[in-house]
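Chemist: Chains as they are written, first to last, in our numbering: chain A, 1 to 211; chain B, 212 to 679; chain C, 680 to 955.
Just so you know, these hints were derived from the structure itself, not from any lab. Mixed in with the good hints there might be a few duds.
If the Cβ cut is set under 10 angstroms, some of the chain A residues that face chain B in the computed set are [said to hold, decoys possible]:
#	residue
1	Arg5
2	Ala61
3	Ala64
4	Asn68
5	Ala178
6	Val191
7	Gly211
Nothing here was measured: the structure is a model prediction, and the numbers come from that model. Think of the CB as a built atom: it goes at the ideal place given N, C-alpha and C, for glycine as much as any other residue.
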Amino acid sequence: MTSAREDILKGIRGALKRGPLDATQQSALATRVPAHTRPAIDEDAVERFVRKFESRAGTVARVATLRNVPAAVEAYREAQGLPQRAAVGAGLKSLRWAKGWEVHHGAAGSDEALAVSPALAGIAETGSLLLASGPDSPTTHNFVPDDHVVVLEAKQIVMHFEEAWAMLRARPEGIARATNIISGPSRTADVEQTIQLGAHGPRRVHVILVG
Amino acid sequence: MEIRSNEFKGRAVFAIHDASLQQALGKAREGFVGKRAQQAAELPEFEQLREEAKALKNHILDHLDHYLERYEQAVTAAGGQVHWARDAEEARTIILGICKRVGAKTVTKGKSMVSEEIGLNEALIDEGMEVVETDLGEYIIQLAHEPPSHIIAPAVHKTKDQVSDLFEAAHGGPRKTTVPELVDEARRMLRDKYFRADVGITGGNFLVAETGSSMIVTNEGNGDLTQTLAKVHIVTSGIERVVPTLDDATLFLRLLARSATGQETETYTTLSTGPRRADDLDGPEEYHVVLVDNGRSRMLAGRFREMLRCIRCGACMNHCPVYGAVGGHAYGWVYPGPMGSVLTPLITGLDNAYDLPNACTLNGRCASVCPVKIPLPDLLRELRHMQHQQEITPAMQRRALKLWRFAATQPRLYHAGERIAARLLAAIGRKGRIRRLPLASAWTDVRDLPAPAGRTFLELWQGKRGKS
Amino acid sequence: MLTMSRYPNESMGTDMPETAKNGPRVGLFATCLMNVFRPNIGFAAVKLLEDAGCTVEVPDSQTCCGQPGYNSGDFDAARALARQVIATFEHFDYVVGPSGSCMATIRHDYPALFEGDPDWAPRAEALSRKSFELLSFLHDELGVTQAQARLDAVATYHDSCSGLRGLGIKGQPRALLAGVEGLKLKEMQDAEVCCGFGGTFCVKYPEISEKMVDDKIRNVLATGADTLLGGDLGCLMNIAGRLKRINAPVKVFHTAEVLAGLAGGGGIASEPGETR
């Protein structure tokens, strides 16, 4: 009995009326460089990122340096009426938190209210954040808490998706297990097309833009 | 899933008279169509992207074996496992096998049309597992024990009141009546399931050969919770969903959300590449991909290869006036609307879905919005051709066509017939119209038939200008 | 009378036929429905074409374009009819018909039907290139910009699907109608959505068709227009028949009738003398 794999590949080749591709053809495909049209954008990348992200109910606060981040998180926490407790990605370990804050770097548990994550990139085209999973940025931080704060440096903002992929490829660890592109708070329109935020993921996503 | 596509006519009539359904469909029509048009208008490159997406899909399909092998290699290198399933049964067996091996009790699911296609839920439930749909729309219809009526908005046929009733029955009171309350209640109910799940099953919008990643595009974040918190993540996807590189996937991403929900982008686009890594703090311990053929490699052979370009955005049904009139359930299987009317007979058999290719006015609105330019009306007509050739078409219709051909290929006979018809109908007509005509009751049950004046144009022309 | 911005058209270019010095020789495609139900549209078409300088002939060896067979999946029957149409009309400079649906069949479907046929494919393609729906022919090929006619009415225009999506007919009828004295055009919502006719569809699935035509009529009535115009008699018969059935006071005409100044009486599905 042939395996399903062999059968399916045989079926495909039969339908295409050819055998397996030879080495030359395969290497031609391996070196193929896609050059699809990218939307032309005539706008400053940072401005566009902010404008687009905010258009989908995301919020943005801007600070001068990384050292200002804990204060910005504190301001956000206070405005939302949250306790001084957060799951913080280890990528932000160097941040110094004020007295009273309880911070851990583990995965987010079911009672986690607030997470603070480092972004790998911002994509101006759609106003989206790109987060790569790993010990520095566990995936649960992005989806479990009601409030998600993401720290993004202005210099990390690229114009198009393709540039963000290039950043991902250039990492020593390569593609992350989970690469999350996040364009605002969780939403649904499954009841009568009415948009409702906070379907399953965070109800609020707040970007602290550094620089 | 049981195929009830041959009940189309009856189910369509029922749907037209279902007031709640019509109310829900009306709302959906307004929303989707307007938002998509706005997105298309706001992106000057939109039409160019459609052309490129069509060309790229054709390239992928021409080299499908190659890209699937590359994809498999990359998944394996990332520590995941690829399974191949020739048909629905094989796919179910593979997934059941994984679930049983890990002793799964609770299985959470993100939205996956392939899992509907292979009838996965029933199989898991039959083995005693708790299956929880986590997409809000899917959750609603799971409570209602119904199949999805739309490929991206599965509960689009439900009104808010109906959702309130379903939630009250399932969760107990007090009855929630506003959208925020309903969404909150579902959020609360499902939270615990994500954390308890042994296996999380999602679909895959794209499978990236370059990186061995599966990609899902969602708004709710349920797919991410499903695949991050379960011990085992299983992706189900059709073999045609592979793309060569991340840059190639991007081309489709730029079209998908705009075409589907009329958004510039959906909230979450997620790439999943293998299981939890040594230093990861979360993520599934196992990562599996089940590649489902189920008729797709057969489609690749002929005219219907174009259908394999489909990226499941739902724009065709959002713009289909027949879908808009009858909703998705009338189509009787998993995929409704124009794309479903092509896929259903091809996957389940021509004689299992006679009406689907026929219940279409060939108005072409679907093709005009398809992001990958599938000529849906042509494919539907091709299916009619196959039905005709295989004599699945009713004998009455075949006889009528023969008679019509016989007459129409003999101009003198045909014109004589037309003259008789013009006179006869003129004689029956009152005030320029005919209210009832026994042999044409399908017309006159709905509308008056304009009565001719008595003489045909050709007659009158020849009277005026002589023969030519 | 017609006003033309340019004539003869550049697109007639180098292979401009002999007869063009007297205006092109046009074979009128007399559609089945027009022939039986509304000869007035045929005379309107002839008038518009002659006013634009064409020599019009109506060959009597024509019958049907074959679309009913094609859309029912009987491709052999469609080919038989297509061969007849090709043989009948290929000697004309142009084939013009007052229907987007029939003319789209000739333009798009004939080449597809004969794909790979060494004898018929070139003939199908040659005919396809010179086949036009009436208004797009007048406007795009002959450069007609204005028809001099008068109709005191508030009208709304239904875009028939095959003309709209198959032949790109959208602006031409509106541009020409804009020149009709006394006529005010009011766009309806979803003007581009199918009316539910669809050839045999409307009798195979009458309930769905009824729902669709009712949606169309709701949009027509919402404009407050007293007249509905369109370019395909099938759709117009469907909408007019339903309007009559529900006693809605909206007259229905083919656009060509209006442009030719032949839109008298009550319109489609009314007595010639009827005024409502």
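Chemist: Work down the list of hints and note, for each, if the structure agrees.
Modeler: Hint by hint, here is what the structure shows:
Taking 10 angstroms as the C-beta cut-off, the interface hint given for Arg5 (chain A) holds, the closest approach to chain B being about 4 angstroms. With 10 angstroms as the threshold, the beta carbon of Ala61 (chain A) stays out of range of chain B, its nearest partner Cβ sitting at about 20 angstroms, so the hint is violated. Of the supplied interface hints, the one on Ala64 (chain A) is violated, with its beta-carbon coming no nearer than about 29 angstroms to a beta-carbon of chain B, more than 10 angstroms. Taken as an interface hint, Asn68 (chain A) does not check out: its beta carbon lies about 27 angstroms from the nearest beta carbon of chain B, beyond 10 angstroms.
A hinted interface residue such as Ala178 (chain A) counts as satisfied when its beta carbon comes closer than 10 angstroms to some beta carbon of chain B; here the least separation is about 6 angstroms, so the hint holds. Interface restraint check for Val191 (chain A): the shortest CB-CB distance to chain B comes to about 5 angstroms, inside 10 angstroms, so the restraint holds. Look at Gly211 (chain A): its Cβ only gets to about 24 angstroms from chain B, farther than 10 angstroms, so that hint breaks.
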